[in-house]
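Read top to bottom, the protein sequences are chains E and C. Position 281 of the first sequence, counting from 1, maps to 281 under full-length UniProt numbering, and the rest follow consecutively. Position 263 of the second sequence, counting from 1, maps to 263 under full-length UniProt numbering, and the rest follow consecutively.
Simulated from the structure, these hints should not be mistaken for lab results. Bear in mind the structure is a predicted one, so any value in this text is a computation, not a measurement. Treat the hints with caution; some may be incorrect.
Copies of the same chain look alike in the list, so a pair counts if it works inside one copy or between any two.
Straight line, CA to CA, 25 Å or less: simulated BS3-like cross-link-like pairs of lysine-lysine [claimed, not checked]:
#1 588 - 488
#2 72 - 278
#3 432 - 61
#4 157 - 247
#5 278 - 247
#6 72 - 432
#7 88 - 151
#8 75 - 432
#9 81 - 432
#10 488 - 556
#11 243 - 152
#12 464 - 338
#13 524 - 327
#14 182 - 327
#15 338 - 524
Number of protein chains: 2
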Amino acid sequence: MAANSSFMVDRREIEFVLFEYLNIQKLFAYSYFSDHSTDSVGEMLTSAISLCNQYLGPLNKIGDRTGCVHNKDTKEVTTPKGTKEAYKQFVDNGFLTLSDPEEAGGIQAPSVIAAVFMELFSSANQAFTMYPGLTKSASHVLYHFGEEWMKKTCVPKIAAGTWTGTMCLTEPSAGSAVGDLKSTAKRDKDGSFRIKGVKQWISGGENDFAENILHLVLARIEGAPQGIEGVSLFLVPKKRFDKNSGKITGKNDLYCISLEEKMGIHGNSTCLMSFGDKDDCEGFLIGKENQGINYMFLMMNEARIGVGLQGLAQASVAFLNAEAYAKERIQGVDITVKRDATNPPRIAIVNHPDVKRMLLRQRSIVEGIRALSYTAALMHDESKHSPDKEHKKKCQGFLELLTPIMKAWATDMGFYSIVQSIQTYGGYGFTKDYPVEQLLRDSKIASIYEGTNGIQALDLVGRKMRMEEGAIFMGWLERHTDFIEKNKDHKAIGAEAALLEEYIAGLAEAAMHMGEVAKKGDRKAAIVNAYPFLMALGHTIIAGLLLEQAVVADEKLSGNVSAADKRFYANKVKTAKFFTHHVLPEAKSYLANVISNDTSCLEFEF
Amino acid sequence: MAANSSFMVDRREIEFVLFEYLNIQKLFAYSYFSDHSTDSVGEMLTSAISLCNQYLGPLNKIGDRTGCVHNKDTKEVTTPKGTKEAYKQFVDNGFLTLSDPEEAGGIQAPSVIAAVFMELFSSANQAFTMYPGLTKSASHVLYHFGEEWMKKTCVPKIAAGTWTGTMCLTEPSAGSAVGDLKSTAKRDKDGSFRIKGVKQWISGGENDFAENILHLVLARIEGAPQGIEGVSLFLVPKKRFDKNSGKITGKNDLYCISLEEKMGIHGNSTCLMSFGDKDDCEGFLIGKENQGINYMFLMMNEARIGVGLQGLAQASVAFLNAEAYAKERIQGVDITVKRDATNPPRIAIVNHPDVKRMLLRQRSIVEGIRALSYTAALMHDESKHSPDKEHKKKCQGFLELLTPIMKAWATDMGFYSIVQSIQTYGGYGFTKDYPVEQLLRDSKIASIYEGTNGIQALDLVGRKMRMEEGAIFMGWLERHTDFIEKNKDHKAIGAEAALLEEYIAGLAEAAMHMGEVAKKGDRKAAIVNAYPFLMALGHTIIAGLLLEQAVVADEKLSGNVSAADKRFYANKVKTAKFFTHHVLPEAKSYLANVISNDTSCLEFEF
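Using the sequences provided together with the hints, build the complete structure.
Rendered as structure tokens:
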């Protein structure tokens, strides 16, 4: 941890998940990833940690305290001091384009590695990481769906760190209902469009460190169908430029009206943007007309995994700080000391049973989200680059299934974990002397943006579980039932594996129940408990993954390992056991919601 | 709701709990409360709501944004603009001394009424309400345990609103472990003491609206025993005064070193206080030597109920705002509308099933905490003023049993409820344009101060449940089993009453389990799940109380009631059903923690 930085990382745990649990080494045999190796990943990890310690971490508190400032006259936004340098370092160290194809300026790193870095950067500085995060997404859209000149001119400018990008979906009256947007696009003689509208919640919508900003804007072309089917995607640059050289040629008719005043992520500019105030906002169609939402959705899935990683990142750094504090802070005596003892030794609070319980709860949630998110990211790599077609397809299905769970479970459980981090600190956790209160504020947005967690639950129940008539969902559950079958009598976690079986059965019953209610025609009753179902599924999957990790760790324990590793592996086993007995039971409560047949909230007269 | 105020109140619900459920009218027959009536309570309620709308509510946002400012040279603190006037109005309207005896300047209002007002004021402005709240507590200590001159001179000055008071327990190295304090008291020739030490987290430790501030300070007299048994309580005034006239005679040697920078409650000055920097800090012993903690504990119990009411208050106002927003905010179409429908009507988000679920969850938690807290406050009145000795004693026992549950359950579940209020708003909930983000920040401290919720759980399991060898605990459960027996076949909530029975059995089993583990000598294993046990008990008690309310409401429905009342009563029944099916099941998870025999967190090597 650098001075003035709350960044902390458990590198041993990350390496365990990558190399001992997921065995991502197998990816290096795929031709696409042939430039990578365990060693090169290790070097990148060192470099990423160094970036966090030197630049992103120290900027985090400054960014929170000073925030972004909007100049009402110039409409320009000043980002916190140090943002420009951090962005430069981020790009120069290759982290912006890491997982991009070589021809787009990247080094074709696996997505699972990119996920690790996303976690690290978000845990060091969530507000900052959103600038490169959204820029990268915009670049991907241009690369995959843009005109040739967009690929040739814009993508390299972004890769060089000179230009940044944004995603402009939301409008004041069109948030979750994107299709209700009012922004319009009018075709010009030269094939370009005139864009007009107001966009809200635009992260990084204006900044003072990029030469130009490429806004990816959803708007409706005159005469296009109503609703989501009539929405197109446009590239709308802050400054006009020559399509071939990228040379700036003048201003465009757009500006930042104001910044949102937010609870957290103050270091990121959240802009209300005006496009075409003077009817002179130039934009260029990306891909085909009326297909805008499809391009956006490709990014959205990536973004949802990214938001899940934010949930992981902030819970992880909050936990690591709380744990370090609990080991240092002296308060009270051991509970077994007799009341009349004379001046018994005061102990670090980590020794109080309730503090231990809170800490292991945090740890098990953090490691659970990490297990799920790296697994999902690996599915992404497999779905794109595995030589086995069948496997590719299967992994793609699993990735789609896991995405809403990952997003919602990670952000809600991650948030609740940070609440416990604050509680671990006691009164100090409520002050700005320690990082956890900021982490709580910064992280609250994650359950809302990129599709609220309620919408994730609808996506899971209404779409993902029905994929291939439920075969993908059932296929995933098989992974856990196979594991249970194999490990029911496991010496270390057999009892826990057996316990998991009850939850798998409960999930199957609940899924059937929802299906039956839907069949009876009551759609509202069928989906009202989509969120509890998602949570129950998340708990069960994560218990399954943590128990898989425990089996790996337990095997290692029987080998010849160092004292540090022995402790690490033994702790992994305990973490999985704790999760199964202390967190997983919540799934029972969620499942009870689903099968209760109680519809009082639908009948309630608000 | 006044302009610039987020204050909202559901008066119908409060009146239902007071007059239809708890029947507090019976108190008016007790001689101590003979000046009060349903009408007079109604008038006070109107007056309190008006104070919230006019003064406390509008000050809440200002207080958050401007905060308190410490002048490093003068050591003075400037409170947010409007605080002085609000305090004057608060006192002038009689709310400071409301429940005090007439001879102390009060009007002897029942505690349950004082609890209602505490809820209202806290929901309008938590940071402000702490000034009169702590002042009142200090006054009670002086009145009950102080010297004659303290009662005669100090109590009236406080009652008049001229002087305020604080509680100075915590020191930088003595938070939860109060007995480890280092502050000293040296006896002077005249019988007074010289106080020396540093106190932390002193709410209202310095302000700019009181002529004098009376600090109640815990310190150890030279030569007193170590630990909590050697702690005495002192009155330490900011300014010295004539004991008879109260006339200010000069300064005392104490000052505010600095203010804590906090996540919330910015309108309240949280001071680091220096006493006796120049060895000239005059203090006066309150009551007997080495009995300080006992006097503090009398206040502490009051304070814990008060903190529980804060949990209720902020969750309530967050819910009412979220509900109002959900009824106004238009977004999306009804889920049953066909995909190819042409321009279907857009609906208020309250109509989306997931929003309904979130709102009724919030409502049922809020009404559940209200049921518990008003019940506990009524027990307080009964324990003091009932003519029936047996009943008095029973109520005192129940009050003590309920206090830690009330404090911990209300503040944790209240906080989680506010998280759902933010979620209901979507992105807007994360902005400072709406009140919920402030409510979340303000409310986070409640699970920590006045004894962390972990300490409440230890109090419950280690002390309260053992009172009279468990007879009080069992006596309380009987209330629920009697109810279940009577209402198992109730037409409206019979199924829910039957469901409750499982939880009562689960609690008994879990309590027994903890007892057995303790008997085996493993104290740590016996108490490590004290918190989950407290939560399970809280869920069960609250389900019981809400079902009792549902029976009352259902009876009313069969009578001749207005359309508004019909809706109200029917909603009460639905709320109780929802809680039983959607919130109560969480108790199963908590009980599973307790009986799991899993001690992995105790074995984990942090």
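Hints versus structure:
Within a single copy, residue 588 and residue 488 get their C-alpha atoms as close as 20 Å, and across copies as close as 24 Å, so both meet the 25 Å cut-off. Taking the shortest alpha-carbon separations for residue 72 and residue 278, only the intra-copy value of 18 Å comes in at or below 25 Å, while the best inter-copy value is 51 Å. In the homo-oligomer, the alpha carbons of residue 432 and residue 61 lie at most 25 Å apart both inside one protomer (9 Å) and across protomers (20 Å), since each shortest distance falls under that limit. When the C-alpha separation of residue 157 and residue 247 is checked against a cutoff of 25 Å, the pair qualifies only within one copy, where the shortest distance is 10 Å, while the shortest distance between copies is 75 Å.
In this assembly of identical chains, residue 278 and residue 247 lie within 25 Å of each other by CA distance solely inside one copy; the values are 23 Å within and 70 Å between copies. In this homomeric assembly, residue 72 and residue 432 come within 25 Å of each other (Cα to Cα) only across copies, at 19 Å, whereas the closest approach inside a single copy is 30 Å. For the identical chains of this complex, residue 88 and residue 151 are intra-copy neighbours only, at 22 Å inside a copy versus 68 Å across copies, given an alpha-carbon limit of 25 Å. Within a single copy, residue 75 and residue 432 get their C-alpha atoms only as close as 31 Å, which misses the 25 Å cut-off; across copies the closest is 21 Å, which meets it.
Both within a single protomer and between protomers do residue 81 and residue 432 lie at most 25 Å apart by alpha-carbon distance, with minima of 19 Å and 23 Å respectively. Taking identical chains as interchangeable, the C-alpha atoms of residue 488 and residue 556 lie at most 25 Å apart only when both belong to the same chain, with a minimum of 19 Å there against 55 Å between chains. In this assembly of identical chains, residue 243 and residue 152 lie within 25 Å of each other by CA distance solely inside one copy; the values are 9 Å within and 86 Å between copies. In this assembly of identical chains, the alpha carbons of residue 464 and residue 338 lie at most 25 Å apart only when taken from different copies (20 Å versus 57 Å within one copy).
In the homo-oligomer, the alpha carbons of residue 524 and residue 327 lie at most 25 Å apart only across protomers (18 Å), although the nearest pairing inside one protomer, at 49 Å, exceeds that limit. Proximity of residue 182 and residue 327 under a CA criterion of 25 Å is satisfied inter-copy only: 23 Å between copies versus 55 Å inside one chain copy. Taking the closest pair of Cα atoms, residue 338 and residue 524 come within 25 Å of each other only across two copies (14 Å); inside a single copy the shortest separation is 58 Å, beyond that limit.
Violated hints: none; the structure is consistent with every hint.
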